[in-house]
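Q: So the chains spell out like this:
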Amino acid sequence: AQSVSQHNHHVILSEAASLELGCNYSYGGTVNLFWYVQYPGQHLQLLLKYFSGDPLVKGIKGFEAEFIKSKFSFNLRKPSVQWSDTAEYFCAVNYLGSSNTGKLIFGQGTTLQVKP
Amino acid sequence: NAGVTQTPKFRVLKTGQSMTLLCAQDMNHEYMYWYRQDPGMGLRLIHYSVGEGTTAKGEVPDGYNVSRLKKQNFLLGLESAAPSQTSVYFCASRGGTGWIGELFFGEGSRLTVL
Chain A
1 AQSVSQHNHH VILSEAASLE LGCNYSYGGT VNLFWYVQYP GQHLQLLLKY
51 FSGDPLVKGI KGFEAEFIKS KFSFNLRKPS VQWSDTAEYF CAVNYLGSSN
101 TGKLIFGQGT TLQVKP
Chain B
1 NAGVTQTPKF RVLKTGQSMT LLCAQDMNHE YMYWYRQDPG MGLRLIHYSV
51 GEGTTAKGEV PDGYNVSRLK KQNFLLGLES AAPSQTSVYF CASRGGTGWI
101 GELFFGEGSR LTVL
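So the sequences go chain by chain: A and B.
If you're matching positions, the first sequence starts at 1 in this note's numbering and goes up one per residue.
If you're matching positions, the second sequence starts at 1 in this note's numbering and goes up one per residue.
For the record, the hints were derived by calculation from the structure and aren't laboratory data.
Do not take every clue at face value.
Computed footprint of chain B on chain A; a stretch qualifies when at least three of its residues, placed anywhere within it, have a C-beta under 8 Å from a C-beta of chain B [said to hold, decoys possible]:
| # | stretch |
| --- | --- |
| 1 | 42-52 |
| 2 | 103-109 |
Per label pair, the in silico range of CB-to-CB distance [unchecked claim]:
| # | chain 1 | residue 1 | chain 2 | residue 2 | range |
| --- | --- | --- | --- | --- | --- |
| 3 | B | Asp26 | A | Lys61 | 23 to 29 Å |
| 4 | A | Ser84 | B | Asp26 | 38 to 44 Å |
| 5 | B | Asn73 | A | Arg77 | 37 to 43 Å |
| 6 | B | Val12 | A | Pro55 | 42 to 48 Å |
| 7 | B | Leu22 | A | Gln42 | 16 to 22 Å |
| 8 | B | Val50 | A | Ser5 | 40 to 46 Å |
| 9 | B | Thr112 | A | Gly29 | 36 to 42 Å |
| 10 | A | Gly22 | B | Met19 | 37 to 43 Å |
| 11 | A | Tyr27 | B | Gly51 | 22 to 28 Å |
| 12 | A | Pro116 | B | Met19 | 37 to 43 Å |
Every residue, glycine too, gets a C-beta built ideally from N, C-alpha and C.
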């Protein structure tokens with residue numbers, strides 16, 4: 001079955017620490033990959049996306065992610081987190097193919113808490 | 001543009017009551033989706049639509065019905081609410097050609113079933 005797994009459920013960091021959130025998907029075919037962020041009390045917002053081309057993708061607010069096809073991974077990184085990065089982060093995958101209708105499959109989410 | 005708008009934002013129901021959540025988008029998107037968000041489970045797809053007049057089941061469709069009579073609206077109905085349907089519901093829409101396109105989300109509707 002198609003699935004998305006986020007390994008870290010709850011991460012606590014101090015400001016200026018580096019961040020890496022893991023995301024793995026289960027299917028070996030063609031995929032579109034996304035990271036969404038949900039700030040407290042708000043709706044989901046797109047952080048970055050990968051469709052094709054350069055596997056290192058840069059998003060908003062200094063976030064980046066690297067698509068490693070051989071590892072079925074799309075990990076999110078940020079060199080130095082800020083208190084305002086406190087939020088829940090979701091990895092999502094769009095599995096492409098004839099039976100797919102563009103629906104996203106989401107990971108369980110990772111709650112990031114940044115201490116000032 | 002308003003983007004994706006959900007109404008109501010909050011609702012409390014008693015077990016067995018019915019209600020409808022409305023999702024409206026003004027981006028002329030073909031695809032629309034209803035997700036539910038529960039702690040530790042991420043977002044799970046309830047139903048979706050690939051165009052006006054079409055609907056299809058997602059991962060967790062039981063207990064819900066949907067309709068897409070107009071392209072801009074996607075309605076989610078609960079005919080007989082159960083406490084297990086207490087959740088935050090998100091509507092999303094997608095443009096793009098073929099399979100490619102990011103989802104735009106509404107602000108969510110928090111439903112409590114007592």
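Q: Enumerate the violated hints, using their earlier numbering and listing them in ascending order.
A: 4, 8
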